[in-house]
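Colleague: Listed here are the chains, written in short residue letters.
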Amino acid sequence: DTAVSQTPKYLVTQMGNDKSIKCEQNLGHDTMYWYKQDSKKFLKIMFSYNNKELIINETVPNRFSPKSPDKAHLNLHINSLELGDSAVYFCASSQPGQVETQYFGPGTRLLVL
Amino acid sequence: AQSVTQLGSHVSVSEGALVLLRCNYSSSVPPYLFWYVQYPNQGLQLLLKYTSAATLVKGINGFEAEFKKSETSFHLTKPSAHMSDAAEYFCALGGSNYKLTFGKGTLLTVNP
Chain B
551 DTAVSQTPKY LVTQMGNDKS IKCEQNLGHD TMYWYKQDSK KFLKIMFSYN NKELIINETV
611 PNRFSPKSPD KAHLNLHINS LELGDSAVYF CASSQPGQVE TQYFGPGTRL LVL
Chain R
533 AQSVTQLGSH VSVSEGALVL LRCNYSSSVP PYLFWYVQYP NQGLQLLLKY TSAATLVKGI
593 NGFEAEFKKS ETSFHLTKPS AHMSDAAEYF CALGGSNYKL TFGKGTLLTV NP
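First to last, the protein sequences are chains B and R. By the count of this note's numbering, the first sequence reaches residue 663 at its end, each step adding exactly one. By the count of this note's numbering, the second sequence reaches residue 644 at its end, each step adding exactly one.
Since the hints were derived computationally from the structure, they do not count as laboratory data. Just so it is clear, the structure is predicted and the values come from calculations on it, not from any experiment. A couple of the hints might just be wrong.
For the chain R half of the interface with chain B, some residues (derived, Cβ under 7 Å), not all of them [stated by the list, open to error]:
(1) Val551
(2) Leu552
(3) Gly575
(4) Lys601
(5) Glu620
(6) Tyr630
(7) Lys631
(8) Phe634
(9) Gly637
In silico DSS-like links for lysine-lysine, alpha-carbon gap of 30 Å or less [as the list claims (entries may be wrong)]:
(10) B:Lys594 with R:Lys631
(11) B:Lys602 with B:Lys586
(12) R:Lys590 with B:Lys617
(13) R:Lys600 with B:Lys602
(14) B:Lys591 with R:Lys636
(15) B:Lys617 with B:Lys590
(16) R:Lys600 with R:Lys636
(17) B:Lys617 with R:Lys600
Ideal Cβ positions, reconstructed from N, Cα and C, are used throughout, including at glycine.
Construct all of the structure, not just a fragment, from the sequences and the given hints.
Modeller: Okay, here's the thing in structure tokens:
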């Protein structure tokens with residue numbers, strides 16, 4: 551049973567394209583996150599949703615748009631992809647009250663050519 | 533502002549030797565501290581967490597970490613390294629705003 555799953559695992563695309571990454575968690579958590587890990591392995595939060603409501607929106611280009619259709623899903627849509635968007639994107643979830651232990655998905659490796 | 537500093541981007545040890553990965557933090561509120569491990573091409577897995585209950589925290593795979601408020605540190609140790617411990621290790625700081633602030637990671641290599 552995968553707790554936090556992401557699709558696709560790998561994504562190779564051309565500059566200027568639009569792509570989406572999907573995330574699902576079966577832990578019953580209320581809060582979900584998107585992180586970006588750059589080529590130097592640095593992890594930075596991008597967005598967080600709590601019960602489908604956006605609660606964290608870091609300084610991210612507005613080409614990135616998260617959507618949470620329900621509290622078990624958090625998708626990330628990226629418009630007009632740029633070379634600098636190449637990274638690994640991680641989804642995570644947590645349950646407030648459990649000291650914010652965040653459970654991570656396996657990551658989506660995005661390569662923009 | 534919250535920040536995490538991991539001293540040493542790369543630590544190399546021999547199999548069976550002590551592992552020590554350093555983490556210092558800065559926080560204006562009582563901190564929650566975590567260590568995560570990332571194996572190649574995988575997601576992050578929680579090793580252990582500090583929640584103010586006990587300063588010495590035991591985690592999975594024989595790892596432990598000690599919270600020292602006076603030194604603002606939360607170093608990760610393991611008495612005897614195993615080849616399977618080779619991975620990237622991240623220290624992270626949480627507060628009350630859902631946000632985790634990560635250090636830049638330390639790559640641990642274990643030599644036979």
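Colleague: Does each hint hold? Answer for all of them.
Modeller: Hint by hint, here is what the structure shows:
With a least beta-carbon distance of about 19 Å to chain B, the hint placing valine 551 (chain R) at the interface is violated under the 7 Å criterion. With a least beta-carbon distance of about 20 Å to chain B, the hint placing leucine 552 (chain R) at the interface is violated under the 7 Å criterion. Look at glycine 575 (chain R): its Cβ gets to within about 4 Å of chain B, closer than 7 Å, so that hint holds up. Hint status for lysine 601 (chain R) relative to chain B: violated, with the closest Cβ pair at about 17 Å, above 7 Å.
At a threshold of 7 Å, the smallest CB-CB gap from glutamate 620 (chain R) to chain B is about 6 Å, leaving the interface hint in force. A cut of 7 Å between beta carbons decides the hint on tyrosine 630 (chain R): the least distance to chain B is about 5 Å, and the hint holds. For lysine 631 (chain R), the suggested interface contact is upheld, since its CB lies about 6 Å from the closest CB of chain B, less than 7 Å. About 4 Å separates the beta-carbon of phenylalanine 634 (chain R) from the nearest beta-carbon of chain B, less than 7 Å, and the hint is met.
Interface restraint check for glycine 637 (chain R): the shortest CB-CB distance to chain B comes to about 5 Å, inside 7 Å, so the restraint holds. About 10 Å separates the Cα atoms of lysine 594 (chain B) and lysine 631 (chain R), which keeps this hinted pair within 30 Å; it holds. Between lysine 602 (chain B) and lysine 586 (chain B) the alpha-carbon distance is near 20 Å, which keeps this suggested pair within the 30 Å criterion. For the hint linking lysine 590 (chain R) to lysine 617 (chain B), the alpha-carbon distance of about 37 Å lies beyond 30 Å, and the restraint is violated.
Annotation: proposed proximity of lysine 600 (chain R) to lysine 602 (chain B) is violated, straight-line Cα distance about 37 Å (limit 30 Å). For the hint pairing lysine 591 (chain B) with lysine 636 (chain R), the CA-to-CA distance comes to about 7 Å; that is within 30 Å, so the pair holds. A threshold of 30 Å between alpha carbons decides the hint, and for lysine 617 (chain B) with lysine 590 (chain B) the separation of about 27 Å falls inside it, so the pair holds. Between lysine 600 (chain R) and lysine 636 (chain R) the alpha-carbon distance is near 20 Å, which keeps this suggested pair within the 30 Å criterion.
Proposed proximity of lysine 617 (chain B) and lysine 600 (chain R) is contradicted: the alpha carbons are some 40 Å apart, above 30 Å.
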